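Starting from the given sequences, assemble the full structure and let the hints guide the process.
Numbering that gives the first Met the number 0 puts the first residue of the sequence shown at 0, with every later residue one more than the last.
Source of the hints: derived by calculation from the structure; they are not laboratory data. Values in this document were obtained by computation on a predicted structure and should not be read as measured data. We put the beta carbon where it would ideally sit given N, CA and C, even for glycine. Just so you know, not all the hints are guaranteed correct.
To be verified - Using C-beta positions, here's what the derived DEER-type ranges look like:
(1) Gly41 / Tyr19: 49 to 57 Å
(2) Trp40 / Glu8: 42 to 50 Å
(3) Tyr16 / Asn76: 20 to 28 Å
(4) Ile9 / Phe35: 37 to 45 Å
(5) His11 / Ile72: 27 to 35 Å
(6) Leu27 / Thr2: 32 to 40 Å
(7) Leu6 / Cys43: 31 to 39 Å
(8) Trp40 / Glu68: 13 to 21 Å
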Amino acid sequence: MNTLEELLEIIHPSRTYDVYRRKVDNALLNFPFQSFQVNSWGSCDYFVASFFAKINTVFLPAEAESNLELGLITFHNVYGRPFG
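Written as structure tokens, this is what we have:
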């Protein structure tokens, strides 16, 4: 069994931050920006929701479809109020 100090070192915020930062960087680098043609609100909505969903996969271990739905909810919550 690990000592408390060893366990605290394993979960230290700086270590956790770096792990998630690398995962987010990788998700951004692998996001297929070219495959999204934005020429209407609906396509913009889908693009941004897909982008949020890609980032959410780093933090939330859920199915891709639910991540897309969460991305749509996030997008609507962030932009829906100021822009209608």
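Just tell me: holds or violated, for the beta carbon distance of His11 and Ile72 against 27 to 35 Å? holds (32 Å)
Within 31 to 39 Å or not, the Cβ separation of Leu6 and Cys43? violated (45 Å)
Can you tell me whether the CB distance of Ile9 to Phe35 sits inside 37 to 45 Å? holds (39 Å)
Holds or violated: 32 to 40 Å for the Cβ distance of Leu27 and Thr2? Holds - the Cβ-Cβ distance for Leu27 and Thr2, about 37 Å, lies within 32 to 40 Å.
Could you check the hint for me, namely that Tyr16 and Asn76 are 20 to 28 Å apart, CB to CB? Holds, at about 25 Å.
When you take the CB atoms of Trp40 and Glu68, is the distance between them in 13 to 21 Å? Holds, since Trp40 and Glu68 (Cβ atoms, about 18 Å apart) stay within the stated range.
Taking the Cβ atom of Trp40 and the Cβ atom of Glu8, is their distance within the range 42 to 50 Å? Holds, since Trp40 and Glu8 (Cβ atoms, about 48 Å apart) stay within the stated range.
Is 49 to 57 Å right for how far apart the beta carbons of Gly41 and Tyr19 are? Because 31 Å falls outside the window, the suggested range is violated.
The earlier numbered hints that this structure contradicts are 1, 7.
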